[in-house]
Amino acid sequence: MITLTVPVPKEFSFDQALSFLKRSPRELLHQVEGETVRKALRVDDDVVAIEVSFEKKKVRIDVLAESLTPVQQEEVIAYVREWFDLDTDLKPFYAMAEKDKLLKDLVQQYYGYRIVGQPDLYEAVTWAMLGQQINVAFAYTLKQRFVEQFGASLQMLDRRYYLFPVPEAVAVLSPDLLLPLQYSRQKAAYTITIAEAFANGTVSKESLKGLPLQEAKERLMKIKGVGNWTANYALMKTFRYPDAFPLEDAGLYNVVKKYKKLDRKPTPDEMKKVFKKYKGWEAYATLYLWKSL
1 MITLTVPVPK EFSFDQALSF LKRSPRELLH QVEGETVRKA LRVDDDVVAI EVSFEKKKVR
61 IDVLAESLTP VQQEEVIAYV REWFDLDTDL KPFYAMAEKD KLLKDLVQQY YGYRIVGQPD
121 LYEAVTWAML GQQINVAFAY TLKQRFVEQF GASLQMLDRR YYLFPVPEAV AVLSPDLLLP
181 LQYSRQKAAY TITIAEAFAN GTVSKESLKG LPLQEAKERL MKIKGVGNWT ANYALMKTFR
241 YPDAFPLEDA GLYNVVKKYK KLDRKPTPDE MKKVFKKYKG WEAYATLYLW KSL
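Taking UniProt numbering, I'd label the letters of the sequence shown as residues 1 to 293.
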């Protein structure tokens with residue numbers, strides 16, 4: 001076993017991250033037990049299992065492998081930093097939020113909560129599309145079946161670690177193979193078209209990295225099945241664009257309706273007005289407002 005450590009900023013709560021990661025018992029891509037989260041990672045051409053915990057103001061990463069090259073160690077550390085969004089300075093966000101009626105209580109209650117990301121853009125886009133127009137529990141059920149059926153897995157001691165299917169494996173499937181998993185025909189087709197776009201290089205994490213938000217969104221939305229909500233959500237989870245947030249999200253409308261004490265659904269213009277004051281921090285404002293649901 002190889003142990004790596006990552007220093008964390010003061011404005012980070014590992015407990016809040018674990019709370020998010022424990023959302024569904026059907027999640028296969030990581031396992032939370034007590035104060036530890038376990039996960040399999042692709043590192044170069046290898047697959048390794050990691051155990052992540054918190055110790056003395058640092059994230060501790062135990063890699064269940066006999067050896068790792070220095071480059072592989074850096075890859076593991078970079079993944080965890082990205083996963084927990086450890087490089088974002090939240091001080092300006094908290095300074096703004098503490099003066100805001102909607103956010104001030106939420107940032108105190110959930111202090112240190114960060115966007116737990118999906119460093120794999122393909123996974124983020126597929127998951128965002130999968131969750132459209134169904135409840136979260138059923139979305140996790142579909143994801144579980146998809147991962148079990150088409151993903152790789154790693155057996156380490158008495159545990160099985162799962163990996164999200166790679167686009168090259170999904171792109172060659174017939175949509176009919178997804179129907180027994182209770183996919184709708186439309187979602188089955190979209191799952192394949194998204195995989196094709198990543199497998200053939202039409203879109204990739206590398207090709208979008210560093211682009212302005214609007215351009216990155218436009219590229220993603222050229223894929224059939226990827227709309228504005230899906231693109232915003234995926235870009236928020238993978239790249240942490242501060243202004244990538246799903247404004248049309250029903251949950252956000254309900255939060256604003258509740259806090260504004262409206263007897264009707266807010267209008268899109270009213271929503272834009274609320275979020276205008278969060279400019280530069282829309283994604284984090286969304287994250288904390290979702291916590292109030």
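Keep in mind the hints are simulated off the structure, nothing from the lab. Backbone N, C-alpha and C define an ideal beta-carbon position, used for all residues, glycine too. Careful: at least some of the hints might be erroneous.
Listed below are the simulated DSS-like cross-link pairs for lysine-lysine, each with C-alpha atoms no more than 25 angstroms apart in a straight line [what the hints assert, rightly or not]: (1) Lys222 x Lys101; (2) Lys291 x Lys276; (3) Lys277 x Lys261; (4) Lys99 x Lys257; (5) Lys272 x Lys260; (6) Lys101 x Lys209; (7) Lys272 x Lys205; (8) Lys222 x Lys99; (9) Lys222 x Lys104; (10) Lys101 x Lys56; (11) Lys273 x Lys291; (12) Lys205 x Lys101; (13) Lys261 x Lys99; (14) Lys39 x Lys57; (15) Lys272 x Lys258; (16) Lys291 x Lys104; (17) Lys273 x Lys261; (18) Lys10 x Lys58; (19) Lys10 x Lys22; (20) Lys261 x Lys209; (21) Lys209 x Lys222; (22) Lys273 x Lys257; (23) Lys104 x Lys91; (24) Lys10 x Lys99; (25) Lys257 x Lys224; (26) Lys279 x Lys261; (27) Lys56 x Lys39; (28) Lys258 x Lys277; (29) Lys276 x Lys261; (30) Lys209 x Lys104; (31) Lys91 x Lys222; (32) Lys205 x Lys39; (33) Lys258 x Lys273; (34) Lys91 x Lys265; (35) Lys291 x Lys279; (36) Lys277 x Lys99.
The calculated label-pair distances, taken between Cβ atoms and stated as ranges, are [claimed, not checked]: (37) Ile77 x Glu35: 16 to 24 angstroms; (38) Pro9 x Asp269: 30 to 38 angstroms; (39) Leu179 x Lys222: 41 to 49 angstroms; (40) Leu213 x Glu148: 31 to 39 angstroms.
Verification of the supplied hints:
Proximity of lysine 222 to lysine 101 is assessed by CA-CA distance (about 38 angstroms); at most 25 angstroms being required, the pair is judged violated. For a cut-off of 25 angstroms, the pair hint linking lysine 291 to lysine 276 stands: about 20 angstroms separates their Cα positions. Among the hinted pairs, lysine 277 with lysine 261 is consistent with the structure: their alpha-carbon atoms are about 19 angstroms apart, no more than 25 angstroms. Of the supplied pair hints, the one linking lysine 99 and lysine 257 holds, its CA atoms being roughly 20 angstroms apart against a limit of 25 angstroms.
Under the criterion of a C-alpha separation no larger than 25 angstroms, the hint pairing lysine 272 with lysine 260 is consistent with the structure, at around 14 angstroms. A C-alpha spacing of about 34 angstroms is found between lysine 101 and lysine 209, which places the hinted pair above 25 angstroms, so the restraint is violated. Annotation: proposed proximity of lysine 272 to lysine 205 is violated, straight-line Cα distance about 29 angstroms (limit 25 angstroms). Among the hinted pairs, lysine 222 with lysine 99 is inconsistent with the structure: their alpha-carbon atoms are about 39 angstroms apart, more than 25 angstroms.
Proposed proximity of lysine 222 and lysine 104 is contradicted: the alpha carbons are some 38 angstroms apart, above 25 angstroms. Distance check on the hinted pair: lysine 101 and lysine 56 sit about 34 angstroms apart at the alpha-carbon level, beyond 25 angstroms; violated. Distance hint between lysine 273 and lysine 291 is fulfilled; the C-alpha atoms sit about 21 angstroms from each other, no more than 25 angstroms. Pair hint lysine 205 plus lysine 101 does not hold up; C-alpha atoms about 36 angstroms apart against a cutoff of 25 angstroms.
Between the alpha carbons of lysine 261 and lysine 99 the distance comes to roughly 19 angstroms, so the proposed pair stays at or under 25 angstroms and holds. Distance hint between lysine 39 and lysine 57 is fulfilled; the C-alpha atoms sit about 21 angstroms from each other, no more than 25 angstroms. Restraint check: the Cα-Cα separation between lysine 272 and lysine 258 comes to about 16 angstroms, which is no more than 25 angstroms; the hinted pair holds. In summary, the hint linking lysine 291 to lysine 104 is supported, as the alpha carbons are separated by about 13 angstroms, within the 25 angstroms threshold.
With a C-alpha separation of about 16 angstroms, the suggested pairing of lysine 273 with lysine 261 holds against the 25 angstroms cut-off. About 10 angstroms separates the Cα atoms of lysine 10 and lysine 58, which keeps this hinted pair within 25 angstroms; it holds. For the proposed pair lysine 10 and lysine 22, the alpha carbon gap of about 23 angstroms is at most 25 angstroms, so the pair holds. Restraint check: the Cα-Cα separation between lysine 261 and lysine 209 comes to about 40 angstroms, which exceeds 25 angstroms; the hinted pair is violated.
Between lysine 209 and lysine 222, the direct Cα distance comes to roughly 17 angstroms. Compliance with the 25 angstroms bound is thereby established for this hinted pair. Taking the CA atoms of lysine 273 and lysine 257, the gap is near 13 angstroms; set against the 25 angstroms cutoff, the hint holds. For the suggested pair lysine 104 and lysine 91, the alpha carbons sit about 14 angstroms apart, so the restraint of at most 25 angstroms is met. About 20 angstroms separates the Cα atoms of lysine 10 and lysine 99, which keeps this hinted pair within 25 angstroms; it holds.
Among the hinted pairs, lysine 257 with lysine 224 is inconsistent with the structure: their alpha-carbon atoms are about 32 angstroms apart, more than 25 angstroms. Of the pairs offered as hints, the one joining lysine 279 and lysine 261 holds, with about 23 angstroms between alpha carbons and a cut-off of 25 angstroms not exceeded. Restraint check: the Cα-Cα separation between lysine 56 and lysine 39 comes to about 22 angstroms, which is no more than 25 angstroms; the hinted pair holds. For the given pair, lysine 258 sits about 18 angstroms from lysine 277 by alpha-carbon distance, which is consistent with the 25 angstroms threshold.
Only pairs whose Cα atoms come within 25 angstroms are accepted, and lysine 276 paired with lysine 261 is accepted, the gap being roughly 19 angstroms. Only pairs whose Cα atoms come within 25 angstroms are accepted, and lysine 209 paired with lysine 104 is rejected, the gap being roughly 32 angstroms. Using a Cα cut-off of 25 angstroms, the hinted pair lysine 91 and lysine 222 is violated, with the two alpha carbons roughly 36 angstroms apart. Between lysine 205 and lysine 39, the direct Cα distance comes to roughly 21 angstroms. Compliance with the 25 angstroms bound is thereby established for this hinted pair.
This hinted pair checks out: lysine 258 and lysine 273 have alpha carbons roughly 16 angstroms apart, not beyond 25 angstroms. Simply put, lysine 91 and lysine 265 have alpha-carbon atoms about 32 angstroms apart, too far for the 25 angstroms limit, and the pair is violated. With a C-alpha separation of about 19 angstroms, the suggested pairing of lysine 291 with lysine 279 holds against the 25 angstroms cut-off. Using a Cα cut-off of 25 angstroms, the hinted pair lysine 277 and lysine 99 holds, with the two alpha carbons roughly 11 angstroms apart.
Taking the beta carbon of each, isoleucine 77 and glutamate 35 are about 20 angstroms apart, inside 16 to 24 angstroms as hinted. Range check, proline 9 to aspartate 269: Cβ separation about 36 angstroms, and the 30 to 38 angstroms hint holds. Restraint check, leucine 179 to lysine 222: a C-beta distance of roughly 26 angstroms breaks the suggested window 41 to 49 angstroms. Checking the proposed 31 to 39 angstroms range against leucine 213 and glutamate 148 shows it holds: the Cβ atoms sit about 34 angstroms from each other.
The structure fails to meet hints 1, 6, 7, 8, 9, 10, 12, 20, 25, 30, 31, 34, 39 from the earlier list, while all remaining hints are met.
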